[in-house]
Amino acid sequence: MDLTEFLVKTATIFVVFVLTLVIAMYSTWAERKVAGFIQDRMGPNRAGWGGLLQPLADAGKMFFKEDFIPALANKWLFIAGPSLAMLTALLASAVIPFGSTFRINGHEIVLQGVESNIGILYVFGVVALGVYGIMVGGWASNNKFSLLGAIRAASQNISYEVAMGLSLIAILMMSSSLSLGEIVAQQHGMNWNIFYQPLGFLIFITCSFAECNRVPFDLPECETELVGGYHTEYGSMKLGFYLFAEYINMFISSAIISVLYFGGYNYPGMDWVYSQLTSALGSETGHNIATLIGTAVFFGKALFFIFFYMWVRWTIPRFRYDQLMNLGWKKLIPLAIFNIIITGAAVLFLKPVITAWLN
Amino acid sequence: MEVAAFYGFSALAILAALFILFSKNLIYGAFALLLAFLGIAALFVLAGADFLGVAQIMIYVGGILVLLMFGIMLTQRAIQQEGPSRHNRVEVPITRKVWGFVIGIGIVGVLAKIIFSANFRMSGDAVSRKSTIKTIGVELMTSHLLPFEIAAILLLVALIGAAYLALNRNPAQ
Amino acid sequence: MISDFGYILLFIISGLVLLGVMLLVAKFLRPDNPNEEKLSTYESGEDPMGNAQIQFNIRFYIVALIFVLFEVELLFLFPWAVVFGNEELIAQTNGAWGWFAMAEMTVFIGILILGLAYAWAKGYLDWVRPKQQIPEIKSPVPADMYKQVNDRYGSK
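Chains as they are written, first to last, in the numbering used here: chain A, 1 to 359; chain B, 1 to 173; chain C, 1 to 156.
Extracted from the complex, chain A is given alone in its bound form (with noise of 0.2 Å):
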């Protein structure tokens, strides 16, 4: 085994962690800023400047808070279910490419947890164990509202499951690879698949509203029916739990939506850049300053999706439950058979003709 290839994967592994739980946390405070801004109000803005150490002080406030389990809970499953919840959610962050490569002494580090063969599809799976997070914690409770809610939940999910990966078929299709990291590299400048699949990204987008339970998706925890929903009765770090996961999810399916359709960290003259900077600062500095700078344009583009998460959080109102299962089932999956087919045969019929004209 190499020690010092298992070290820098030990430390990549490391710095994604600390990213999507940074990330996350921060999302709670942007939330509330952005909710205060939509509805003309301050949002927090007395723990620290602006507010920005009321994620800490929330924070704080799960860690000393008492827990307690209800008498009929079962207490390994409600303990499991929150737990399960998280580590679902920080298992996707692993495939995520989020730049290109660091070069320090002649060795190549890909800014990417994991470049798995199969990215997408890991990714897909993950998604599917996500069901069982809020399954196991709403059954354990032996709560009608939790029970509901997590029933709702599953059936939700697994309902824009399949428009979802009817969608991803038809990236899948002109990439003709699952990797993550070379379907970010075939967007390579500004051919972004957005350009290709407009009405693709329009079902992904949904659906991973719906993944991701968020208004107006939000059924499973919906107030005004089931009190909390699935986390009606937790509390403490239990529920922060459950509360985090929704966040880190949220920026996974951010950063997901930038590498699948906007390009992830390529950005237009992005060749100019790369060759500016390593003709001024040398092949290795230039290098790296170039491959920074399309990480931050990556986490620019992914902050924007989890802003528009907000926006859209605060604008529109909840779904009726049949009106969501008519939407999963007879809107976005004939609309997704349908772009798959425009797709193949765009592919065969424009693409050779496109080529040859460009020639």
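It is worth saying that the hints were derived from the structure and are not from the lab. Possibly wrong hints are sitting among the right ones.
What the hints assert, rightly or not - Okay, derived cross-link-like pairs now, DSSO-like style, lysine-lysine, Cα gap no bigger than 27 Å in a straight line: (1) C:Lys38 to A:Lys75; (2) C:Lys131 to A:Lys65; (3) A:Lys351 to B:Lys134.
Dock chains B and C against the given chain A, drawing on the hints supplied.
Same frame as chain A, but now just chains B and C:
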């Protein structure tokens, strides 16, 4: 390293399966089945079949197990002395020891026969680290085309039959 | 030699360690004095009626059933999508590969659409909405009198 992982995941799958066998609570059994499926998916991945591993998670864990849980929760018998002081566990009221044993032995026998008669091409070969998905795609499109299309028709038939069975016997309609 | 999945295992283990540490630290920091009221099941402040063994809509089961079949078809699409636009294969077969793959998948997706159309036409995809129960109240005041009042004062 890989040997340790292999034995670890095998132990996980087997222990979870034993738990299902001896647990009286059906829902605990279903959650143990989740662990068993995950262990088997990990074994697939260790054998170099990454696509099969993810397929196992997506279909069995993401689909069939959810279906199973819904089934358990829907078909449970209403227990008479149901009170606020009872747990919501779903227990197996009757045991069919003899029949269950006979069927289990029969299935093990059939599977063992298939395993011993199969000629695994890869036995002795080194596990390749390349993704299997391209090979699967090409094989599906060329040499296994007919089974592929038959599978589609089979799925259609299953859809029609399953939906018919599930809905048309619902007395609420 | 650790493959990609070895690192994913490392990821899972470090995630579990992180969660365990967080739960353990919280366990030592927080107060713990439960009483019977705290430990009872929450039902909007009332004493709980029965436990959470409740009947829910059978549609949830049907949706899960249809999902399993669609998920299997979806998984067949993944390997196809990867080899569909493969330029090597297209070059080897003089462009026939793309058409061939597309035709096969059209048949496959056609059958998928057939299944969807069947489920749709039979109404398995419809979510049954409960009937609205409009309460009937026997009131000595006739209903049209309210209408008169509304007409008179509604415009103001």
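Comparing the hints with the structure gives:
1. C:Lys38 to A:Lys75: Roughly 15 Å between the alpha carbons, so the hint for C:Lys38 and A:Lys75 holds.
2. C:Lys131 to A:Lys65: Distance ~44 Å between C:Lys131 and A:Lys65 Cα, so the pair is violated.
3. A:Lys351 to B:Lys134: Roughly 22 Å separates the two Cα atoms, so the pair holds.
The structure fails hint 2 only (numbered hints given earlier).
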